[in-house]
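Got chain A; can you put chain B on it based on the hints?
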Amino acid sequence: MNRKILLIVLALAFVGYVAYGLMDSVTPYVGIAEAKSATGNVQVKGVLDKSAPAPHMEGGDFVFSLQDEETGETMTVHYHGMKPDQFDEAVHIVAIGSYREGAFESDKLLIKCPSKYESMRGKS
Amino acid sequence: MAGTICLALTLAFSLAALLLFAERSGRFLKYGRYAALLAFLSILGASGYLLFLFLTNRFDIAYVASYSSAELPLIYKVSAFWAGQQGSFLLWLLIHGTVSLCFCFRQKTDGTFLALYLFLQALLAILVLGKSPFAPQEVLVQDGAGLNPLLQDPWMAIHPPIIFIGYALLAVPLVYSMTALLHRDTEALWLERARKWALIAWAFLGAGIAIGGYWAYKVLGWGGFWGWDPVENSSLVPWLLTSIFIHVLAVARVRRAALPLVHLSAIFTFSLVLYGTFLTRSGILGDFSVHSFAGTSIGLTIAVVNAIVLLGGLVLLTMRAGSLPKGEVYPAHASREFFLLLGAMLLVFLSVLIFLGMSMPLLSQLVGKGAAVDTSFYVRTAMPLAIALMLVAAGALLYRYGKEARRESLKVPLVFLILGILAAFGVGIHEVLPLLLAGAALMAGGAALLSWRKRLLRVGGLVAHVGLSFSLFAMVLAGSGSQSVSEEFTVGEPKNILGHEIIYKGQEFAEDYSEKHYVYTVDGREVRALTKLRKSGEDAAREPAIDKTLTGDVYIAPVPPKDMGRTELLLKRGRTSFGDDYAYRFEGVAYEPLGAGKTRVTADVAVTDGERVEHATPTIEATTDGGTSQPVDVFGGARRLRLTGVSGDEQQIRLELLPSLAEEESQPINASVSTKPFIWVLWLGCLMVCGGTLLAVRR
Chain A
1 MNRKILLIVL
11 ALAFVGYVAY
21 GLMDSVTPYV
31 GIAEAKSATG
41 NVQVKGVLDK
51 SAPAPHMEGG
61 DFVFSLQDEE
71 TGETMTVHYH
81 GMKPDQFDEA
91 VHIVAIGSYR
101 EGAFESDKLL
111 IKCPSKYESM
121 RGKS
Chain B
1 MAGTICLALT
11 LAFSLAALLL
21 FAERSGRFLK
31 YGRYAALLAF
41 LSILGASGYL
51 LFLFLTNRFD
61 IAYVASYSSA
71 ELPLIYKVSA
81 FWAGQQGSFL
91 LWLLIHGTVS
101 LCFCFRQKTD
111 GTFLALYLFL
121 QALLAILVLG
131 KSPFAPQEVL
141 VQDGAGLNPL
151 LQDPWMAIHP
161 PIIFIGYALL
171 AVPLVYSMTA
181 LLHRDTEALW
191 LERARKWALI
201 AWAFLGAGIA
211 IGGYWAYKVL
221 GWGGFWGWDP
231 VENSSLVPWL
241 LTSIFIHVLA
251 VARVRRAALP
261 LVHLSAIFTF
271 SLVLYGTFLT
281 RSGILGDFSV
291 HSFAGTSIGL
301 TIAVVNAIVL
311 LGGLVLLTMR
321 AGSLPKGEVY
331 PAHASREFFL
341 LLGAMLLVFL
351 SVLIFLGMSM
361 PLLSQLVGKG
371 AAVDTSFYVR
381 TAMPLAIALM
391 LVAAGALLYR
401 YGKEARRESL
411 KVPLVFLILG
421 ILAAFGVGIH
431 EVLPLLLAGA
441 ALMAGGAALL
451 SWRKRLLRVG
461 GLVAHVGLSF
471 SLFAMVLAGS
481 GSQSVSEEFT
491 VGEPKNILGH
501 EIIYKGQEFA
511 EDYSEKHYVY
521 TVDGREVRAL
531 TKLRKSGEDA
541 AREPAIDKTL
551 TGDVYIAPVP
561 PKDMGRTELL
571 LKRGRTSFGD
581 DYAYRFEGVA
591 YEPLGAGKTR
601 VTADVAVTDG
611 ERVEHATPTI
621 EATTDGGTSQ
631 PVDVFGGARR
641 LRLTGVSGDE
651 QQIRLELLPS
661 LAEEESQPIN
671 ASVSTKPFIW
681 VLWLGCLMVC
691 GGTLLAVRR
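Those protein sequences? They're chains A and B, same order as listed. In terms of the numbering used here, the first sequence opens at residue 1 and continues consecutively. In terms of the numbering used here, the second sequence opens at residue 1 and continues consecutively.
Here chain A stands alone, though its shape is the one from the complex (with noise of 0.2 Å):
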């Protein structure tokens, strides 16, 4: 019987560890406009914006315009980095980061790439 208490009361002590691990901690998926509200680390998927100047390099960031599929709101994002490897293939991007004075400024970017079976599947 002790012994139950006990895995209880460790168990819920290792839940309240893991809630306050995750507190502050958490990114959430959001469209651009709530990205540019936000006050912590977001996710933001978008479309590169054709209309912007073109992606390039300014000092080390890599910065280009990314686009709201839904929406349609831009805005510019400096990557910390250089132009990740398939950036021109790109279907999607995702960056990763928080909105200040004007930018995003992301330490990660994910390219989602078309994927040759999907589109052999499309075709059948």
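In case anyone wonders, no lab produced these hints; they're calculated from the structure. Take the hints with a grain of salt, since some may be wrong.
Unchecked claim - Below, a list of computed lysine-lysine pairs in the DSBU-like style, where the Cα atoms sit at most 35 Å apart:
1) B:Lys403 x A:Lys4
2) B:Lys548 x B:Lys218
3) A:Lys83 x B:Lys218
4) B:Lys548 x B:Lys505
5) A:Lys50 x A:Lys83
6) B:Lys108 x B:Lys196
7) B:Lys369 x A:Lys112
8) A:Lys4 x B:Lys326
9) B:Lys598 x A:Lys112
10) A:Lys83 x B:Lys369
11) B:Lys495 x A:Lys83
12) A:Lys108 x B:Lys505
13) B:Lys598 x A:Lys50
14) B:Lys369 x A:Lys36
15) B:Lys532 x A:Lys108
16) B:Lys495 x B:Lys218
17) B:Lys411 x B:Lys454
18) B:Lys532 x A:Lys83
Frame of chain A; chain B shown alone:
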């Protein structure tokens, strides 16, 4: 075609062998062995064929076209084999098949074991067939996309095979565990054998993880060695689970009541291997929505395979629960058994935390709005657990097995604890948790030393535990103790930064323009940061300059200046345009086919500085999907021109104007400079953990 046939044969032979082995009387064991051998030969055929496709540049195969290119150096054509998901799975299957030979031709190995092993092989074969590396390329291309420049590094070439050897070998303990459950075997023999294989797998997995960390440090240039990335986490979790397996197995050797824990950890270890592979290789983390999960059939296949292993194992364990030994798993709190199990529990906590973190994109979308966690989650939760884990490890090392267990004196370990804290403080660390971790890590190392002296620990265990203690200690020193500043460097001007004299010597281009070096001297020693360049002249990958000394590294990551002095100019035929100090006129363009779909385009551009006129003929080698070009000199190299584009109607060209080579090479540059105190101790520690693990295989 030949490859797909080989894969189909692998599946067929594996299934045949499985059936022949499963037959109870054992009459067909001999034929089963032949079938297993044929299955292995089919895998060998498929792997050899894929290698052949890479070496002969068969870009009509989608996988080859995605990861290789004609000009890739030979070693990376070989390593492109496992650059993507399809090839990685084939490599896994190849290792699994090779290991099967170790068992098939040993007369004593029992049929059930072999049948289960071949069952896993058939599952792996289905995974490879599900997303075959031999699928044809839909749109024919002249050249492949090439291997990511970041991956073109010797360490990255060997990292995946080593990880996959670890993954593949973890199937063996699982099969031992399942066989023992089926046979109601609670003897020590299978435990010894499973332990041996688990140790080898553990060493490979650990080495793979360490190499990944070393590569990240050496190449990526953000100054760290561990980023809590899903790819890293998905190999760390199986490593942690294998640690649990080894340690509960040690308890089960003296207390059979702990056997269910051994079975549980074997099942979870291998299914977490599959889960991690699923998470990172199916591409679902690269996307936003959970739909891609349902959408990709390969994701579903891995999920089903994972479910078969996990549920199959758990159901079998539950069915056999009655026949497993009962009793106390530990005799008293003051015993090695108790501390080993307590440590295993902490490792479970740690694994669950990391599992939750890396699965968050998936889990959160199942219950509501999608979200991921950033690295602060891991840092915040893992650090206190690591401290507790080191203290518990010290306890386990100091106690003996049994009820009236004696504890060795705490004096020596406590001295180490204080030494660790003082050393970390001396390096400049003032936060409580890192100080405690540095102390606790050294304390566990000291306890291991004492334990070995008293013959409570063998030499393998000693080396591995001291290695772990070194690793954690060095992680604190090089992580929390790292100092960092950002500086602008002008060529030739000495700067005193963080106690080192650093001089920037300028840039240097490699002869073939494939690399650009930033040369520094640190206290008189020359180090180079490099930027790999694409053929178009764009930066492709950057590597930092690292000065290595006994007291730690000086880590210099250059940040290219905003304005490299390069500008682009759009020229219309026959019209003069002014750029910088010169005027340019585009006069004509000539085409020259080079074969293999390549065309050399040469533009004729008249350049004048107001007095003299020179004709420059920059060229571009164009294919259907892009072009490569080199700069050409005008006015004796005072300016360089590069042709970057020609319009379809030949009426416009795009020129890049570059400053003279000397000017570009002597530009001032920003760099982030940081110190990494005693980071070599981390690499030494990792080496000791893996070496000690291998030493422990022999008894």
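Given the proposed pairing of lysine 50 of chain A with lysine 83 of chain A, does the C-alpha separation stay at or below 35 Å? The hint holds at about 16 Å.
Holds or violated: are the alpha carbons of lysine 369 of chain B and lysine 36 of chain A at most 35 Å from each other? holds (18 Å)
CA of lysine 495 of chain B to CA of lysine 83 of chain A, is that 35 Å or under? holds (31 Å)
Does lysine 598 of chain B pair with lysine 50 of chain A here, judged by a C-alpha cut-off of 35 Å? Distance ~28 Å between lysine 598 of chain B and lysine 50 of chain A Cα, so the pair holds.
Taking 35 Å as the top limit, are the C-alpha atoms of lysine 83 of chain A and lysine 369 of chain B close enough? holds (29 Å)
Compare the distance between the alpha carbons of lysine 403 of chain B and lysine 4 of chain A with 35 Å, and conclude whether the hinted pair is satisfied. The hint holds at about 22 Å.
Do the alpha carbons of lysine 532 of chain B and lysine 108 of chain A lie within 35 Å of each other, as the hint requires? Status holds; Cα separation ~20 Å.
Given the hinted pair lysine 532 of chain B and lysine 83 of chain A, is their alpha-carbon gap at most 35 Å? holds (13 Å)
Starting from lysine 598 of chain B, check that the Cα of lysine 112 of chain A is at most 35 Å away, please. Status holds; Cα separation ~29 Å.
Lysine 495 of chain B and lysine 218 of chain B were given as a pair; does the straight-line alpha-carbon distance stay at or below 35 Å? holds (23 Å)
Quick one, are lysine 4 of chain A and lysine 326 of chain B close enough, alpha carbons at most 35 Å? Judged against 35 Å, a Cα distance of about 17 Å means the pair holds.
Given the hinted pair lysine 548 of chain B and lysine 505 of chain B, is their alpha-carbon gap at most 35 Å? Holds - the C-alpha atoms of lysine 505 of chain B and lysine 548 of chain B are around 19 Å apart, at most 35 Å.
Going through the hint list in order, the structure satisfies each hint without exception.
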